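Work out the full structure, taking the sequences as your base and the hints as a guide.
Here the protein sequences line up with chains G and Z, keeping their order.
Heads up: the first sequence begins at 0 in numbering that gives the first Met the number 0, then just goes up one per residue.
Heads up: the second sequence begins at 0 in numbering that gives the first Met the number 0, then just goes up one per residue.
No wet-lab data here; the hints were simulated from the structure.
Small disclaimer: the values here were computed from a predicted structure and weren't measured.
Note that the Cβ used here is the ideal one computed from N, Cα and C, for glycine as well.
It is possible that part of the hints are untrue.
As the list claims (entries may be wrong) - Computed spacing ranges between beta-carbons, pair by pair: (1) Z:I79 to G:P153: 50 to 58 Å; (2) Z:K90 to G:L155: 57 to 65 Å; (3) Z:I79 to G:V128: 34 to 42 Å; (4) Z:A107 to G:W56: 56 to 64 Å; (5) Z:A106 to G:R55: 51 to 59 Å; (6) Z:L83 to G:V128: 42 to 50 Å.
Claimed, not checked - Residues on chain G that point at chain Z, a partial pick, calculated with CB under 10 Å: (7) T39; (8) V52; (9) F83.
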Amino acid sequence: MASPVDQFKLKTLVPFEVGGVDLAYTTSSLWMTITVVAVTLFLTLSMRGGRLVPGRWQSLAEMSYEFIANMIRENVGTEGRKYFPFIFTLFMFILMGNLLGMIPYSYTFTSQIVVTFAIAITIFLGVTVIGIVLHGFHFFTLFVPPGMPIVLAPLLIPIEVISYFVRPVSLSVRLFANMMAGHTMMKVFAGFTAALGVLGIAPILLLVALTGFEIMVAVLQAYVFTVLTCLYLNDAIHLH
Amino acid sequence: MNIRRVSSLAATAFLALVLFGQGATAASSSSGPKLPQLDVATYSSQVFWLIISFIVLYFLVAKLAMPRIAEVLEERQERIEDDLDKAETLKKEAYQVRIEYEKALSAAREKAQDATRHAQEEIAKRSAEAESAAQVKVTVMLEEAEKRIAASKTGTEGTSGDPISSLERSVAQEVVANAVQKLIGVDVTAADIDAAIAATLEERPQ
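This is the structure we're talking about:
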């Protein structure tokens with residue numbers, strides 16, 4: 000029997016190499032491309048009518064837009080307006096990637112630690128640069144909790160520094176682990192079904208419930224990833 | 000905050016579970032890489048395509064999709080504000096109309112009260128006039144009546160000292176003459192009757 004984690008193996012679709020670096024177009028790349036196309040079609044086709052009273056699709060697109068707009072307004076404030084396109088793209092990319100991953104035989108690129116980590120480290124670096132550009136040296140007061148007694152500085156400042164640098168790790172591992180765990184679990188139950196024969200109806204019922212749960216996780220994790228990005232951005236802009 | 004903490008805890012638990020399970024399978028099969036995600040050889044291509052995909056999506060979303068959504072939302076917002084403005088104007092107009100109506104109503108009410116007051120005054124005046132006129136008339140009539148009474152009194156007294164009038168006397172004379180004729184068959188003269196009346200009047204206690 001195949002291991003439940005075999006589903007995360009990548010298949011090379013189009014081999015591609017530049018200067019000895021492997022840049023092959025794989026299943027992961029394919030589903031990234033599909034995600035890009037799906038998000039673009041979703042956001043443009045639904046708005047084609049641009050009706051005053053929106054239909055279902057238009058409502059969905061507008062809701063996604065306003066959801067992120069409100070998230071930025073609440074967590075970052077008006078200064079966050081500039082980063083709206085990036086955060087909206089980020090949310091739609093992760094959300095669509097997670098949801099498309101729920102289609103049987105598709106590939107969930109967010110279950111790859113390298114993908115989530117690449118996104119997280121980019122956000123981390125970007126946010127840090129924004130903070131330093133906005134506040135200069137003053138940015139490092141971010142590591143000093145407000146109202147901290149000076150005696151506790153040797154203890155608290157390292158903790159703050161560590162927690163700051165752990166951010167990209169926690170951010171990426173959270174998404175990656177959620178996706179991988181969900182898909183692995185579903186595969187395990189699917190394996191039970193195959194092994195149990197007629198009695199396999201029980202794991203199938205469980206799988207149905209799990210599918211609903213995983214769809215919720217897909218949306219929730221996209222939201223969590225985005226809202227944390229907003230909070231980090233807020234820290235960089237407003238320090239405390 | 001709570002949801003996030005719970006979900007991250009759950010994620011950690013799942014990860015531990017899976018890694019543990021993985022360790023067990025790896026130990027049993029003891030071949031191939033542990034977890035496909037940890038295969039460093041795939042990283043370069045994944046990151047490369049991630050960057051390309053994300054940048055392409057960023058431009059599609061930022062330049063193509065978002066302006067359209069913003070435009071539609073703005074249009075709707077404007078329309079709503081426009082409608083609200085219109086409603087506000089109409090409300091003000093209605094308020095104005097109501098004030099004018101109330102003004103007109105109170106003016107009309109005042110006018111009606113005025114008219115009522117005037118009418119009442121007129122009625123009172125006229126009735127007072129009529130009353131005084133009637134009073135004068137009554138007084139005049141009373142005076143006249145009194146005068147007439149007085150006049151009639153003096154008139155009667157002035158004709159003769161007779162306690163009965165000439166008409167009564169003549170009627171009595173005729174009645175008596177007729178009665179005597181019928182009763183005893185004797186014709187009496189006026190002079191006889193007069194004398195009899197005089198005698199009777201004298202005999203009668205006063």
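Look at the Cβ atoms of L83 (chain Z) and V128 (chain G) and judge whether their distance stays inside 42 to 50 Å.
The hinted range 42 to 50 Å holds for L83 (chain Z) and V128 (chain G), with Cβ atoms some 43 Å apart.
Return the status of the interface hint for V52 (chain G): holds when the least beta-carbon distance to chain Z is below 10 Å, violated otherwise.
holds (9 Å)
Tell me if F83 (chain G) is really an interface residue toward chain Z, meaning its C-beta lies closer than 10 Å to one of theirs.
With a closest approach of 8 Å, the F83 (chain G) hint holds.
Is it true that the C-beta distance of I79 (chain Z) to V128 (chain G) lies inside 34 to 42 Å, as the hint says?
holds (39 Å)
Just to be sure I understand the hint, the distance between the Cβ atoms of I79 (chain Z) and P153 (chain G) should be within 50 to 58 Å; is that true here?
Taking Cβ atoms as reference, I79 (chain Z) and P153 (chain G) lie about 57 Å apart, which means the hint holds.
Hint validation: T39 (chain G) versus chain Z, beta carbon distance must be below 10 Å. Holds or violated?
holds (5 Å)
Measuring from beta carbon to beta carbon, are A106 (chain Z) and R55 (chain G) in 51 to 59 Å?
holds (58 Å)
Cβ distance range 57 to 65 Å for K90 (chain Z) and L155 (chain G), holds or violated
holds (58 Å)
Go ahead and decide if the range 56 to 64 Å is satisfied by the Cβ distance of A107 (chain Z) to W56 (chain G).
At 60 Å between Cβs, range holds.
In this structure, every one of the numbered hints holds.
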